[in-house]
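*Asks:* The residues making up each chain are set out below.
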Amino acid sequence: MILATVTGRVVATQKSDELRGSNLLLVTALGDDLEPVKDRTYVAVDCVGAGVNDHVLVEEYFALHKQQYKAMSIVGIVEKIHQGR
Amino acid sequence: MILATVTGRVVATQKSDELRGSNLLLVTALGDDLEPVKDRTYVAVDCVGAGVNDHVLVEEYFALHKQQYKAMSIVGIVEKIHQGR
Amino acid sequence: MILATVTGRVVATQKSDELRGSNLLLVTALGDDLEPVKDRTYVAVDCVGAGVNDHVLVEEYFALHKQQYKAMSIVGIVEKIHQGR
Amino acid sequence: MILATVTGRVVATQKSDELRGSNLLLVTALGDDLEPVKDRTYVAVDCVGAGVNDHVLVEEYFALHKQQYKAMSIVGIVEKIHQGR
Amino acid sequence: MILATVTGRVVATQKSDELRGSNLLLVTALGDDLEPVKDRTYVAVDCVGAGVNDHVLVEEYFALHKQQYKAMSIVGIVEKIHQGR
Numbered sequence: 287m288i289l290a291t292v293t294g295r296v297v298a299t300q301k302s303d304e305l306r307g308s309n310l311l312l313v314t315a316l317g318d319d320l321e322p323v324k325d326r327t328y329v330a331v332d333c334v335g336a337g338v339n340d341h342v343l344v345e346e347y348f349a350l351h352k353q354q355y356k357a358m359s360i361v362g363i364v365e366k367i368h369q370g371r
Numbered sequence: 287m288i289l290a291t292v293t294g295r296v297v298a299t300q301k302s303d304e305l306r307g308s309n310l311l312l313v314t315a316l317g318d319d320l321e322p323v324k325d326r327t328y329v330a331v332d333c334v335g336a337g338v339n340d341h342v343l344v345e346e347y348f349a350l351h352k353q354q355y356k357a358m359s360i361v362g363i364v365e366k367i368h369q370g371r
Numbered sequence: 287m288i289l290a291t292v293t294g295r296v297v298a299t300q301k302s303d304e305l306r307g308s309n310l311l312l313v314t315a316l317g318d319d320l321e322p323v324k325d326r327t328y329v330a331v332d333c334v335g336a337g338v339n340d341h342v343l344v345e346e347y348f349a350l351h352k353q354q355y356k357a358m359s360i361v362g363i364v365e366k367i368h369q370g371r
Numbered sequence: 287m288i289l290a291t292v293t294g295r296v297v298a299t300q301k302s303d304e305l306r307g308s309n310l311l312l313v314t315a316l317g318d319d320l321e322p323v324k325d326r327t328y329v330a331v332d333c334v335g336a337g338v339n340d341h342v343l344v345e346e347y348f349a350l351h352k353q354q355y356k357a358m359s360i361v362g363i364v365e366k367i368h369q370g371r
Numbered sequence: 287m288i289l290a291t292v293t294g295r296v297v298a299t300q301k302s303d304e305l306r307g308s309n310l311l312l313v314t315a316l317g318d319d320l321e322p323v324k325d326r327t328y329v330a331v332d333c334v335g336a337g338v339n340d341h342v343l344v345e346e347y348f349a350l351h352k353q354q355y356k357a358m359s360i361v362g363i364v365e366k367i368h369q370g371r
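Protein sequence lines correspond, in order, to chains A, B, C, D and E. Per the working numbering, the very first residue in the first sequence carries number 287; after that it's consecutive. Per the working numbering, the very first residue in the second sequence carries number 287; after that it's consecutive. Per the working numbering, the very first residue in the third sequence carries number 287; after that it's consecutive. Per the working numbering, the very first residue in the fourth sequence carries number 287; after that it's consecutive. Per the working numbering, the very first residue in the fifth sequence carries number 287; after that it's consecutive.
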């Protein structure tokens, strides 16, 4: 998983079945200074009710679940990051 | 998923069975300025009727579905991108 | 797998079901000099009881196991690294 | 999938069972100028009868099929690339 | 798959079940000049009896096999590399 911050959202009416009803958010990977890294922005399905500016955990990889696809997803909202301890 | 723009198409008569009948498009990843990023062009199967210059959602990863391969695919056409909100 | 060092931990109360009860650690990939590499920090589920500053083996990729997701994980604690022999 | 060009071949007598009988080719990813990109060379199993200098479609990712592994593969021979249209 | 060279080995007593009994080798990806590339070293399970300095084929990705994980693995020992032919 990567640490990321929610930086926006995406509207896509025409989409494949596995994305129907999904909330699609822009997420940007965080560097070691916890600032967004240039050109590392992805689109992820929100599974946890995240909002813009939240720090989140993002599964970078696509997977199958019970014979259905699951796209890249936000799987947690980060409350605290303890670095170096 | 990544944001990309459709930048062309590919003709390949000789191909593996899982690609037969697929529409193969060139897609180039978008940077944070929503401009194409150099040397990040892929070939994706179109699942949603996308055309050249459309902004699209692309699943970067290959997967199996019901015991069949599914190649990298365009899974949505993007109508609006809200950055920073 | 990659060699990494544990560089911190993450608290996330709101998270998807597959992460419930998991210990989430920050891990930073090691370069050839066995020093952490800038901006290559991930969040991994600890499977082996690792602690901060431990050298660890990390599976970079997400997978399904017995119809359940398994997130990026720490799968070993490294005791010795023999380079060039 | 990526666009690549076949740049050589590899001989490996001692190999795992899933590769037995495979034709292993060196493939190098193409940049936006359709020239090979430095240090982006892979080894792929040929599924379509490709030869050196052919432009090909390569699935970058490893997958399971009917309980058998399938290694990175050449899945199409490219005849034409239409850029920007 | 990538071409790599075996550059060392790793000792990890405390490890997850799927790695038990595995021989863990350090492998470094080779560039187009067939020299190791800086900071592209991984840990792979040896499936073919490889030794230090051998040129090997490495599956970069993690997969499931018969409901068991299979970590990144060395899947072949390379005897000859024919570039450009």
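Errors might be hidden in some of the hints.
Where chains are identical, the list cannot tell them apart; a pair therefore holds if satisfied intra-copy or between any two copies.
As the list claims (entries may be wrong) - Lysine to any residue pairs mimicking SDA-like chemistry, simulated, CA-CA at most 20 Å apart: (1) Lys301 - Ile363; (2) Lys324 - Glu365; (3) Lys301 - Gly370; (4) Lys324 - Val334; (5) Lys301 - Val323; (6) Lys366 - Gln300; (7) Lys301 - Asp318; (8) Lys301 - Ala315.
Calculated from the structure, these hints are not laboratory results. Since we're looking at a predicted model, the values are computed, not measured.
*Asks:* Hint by hint, note whether the structure agrees.
*Replies:* Hint check:
| no. | hint | result |
| --- | --- | --- |
| 1 | Lys301 - Ile363 | between (26 Å within a copy, 6 Å between copies) |
| 2 | Lys324 - Glu365 | neither (23 Å within a copy, 23 Å between copies) |
| 3 | Lys301 - Gly370 | neither (42 Å within a copy, 23 Å between copies) |
| 4 | Lys324 - Val334 | neither (25 Å within a copy, 29 Å between copies) |
| 5 | Lys301 - Val323 | neither (28 Å within a copy, 23 Å between copies) |
| 6 | Lys366 - Gln300 | between (37 Å within a copy, 12 Å between copies) |
| 7 | Lys301 - Asp318 | neither (34 Å within a copy, 22 Å between copies) |
| 8 | Lys301 - Ala315 | between (24 Å within a copy, 18 Å between copies) |
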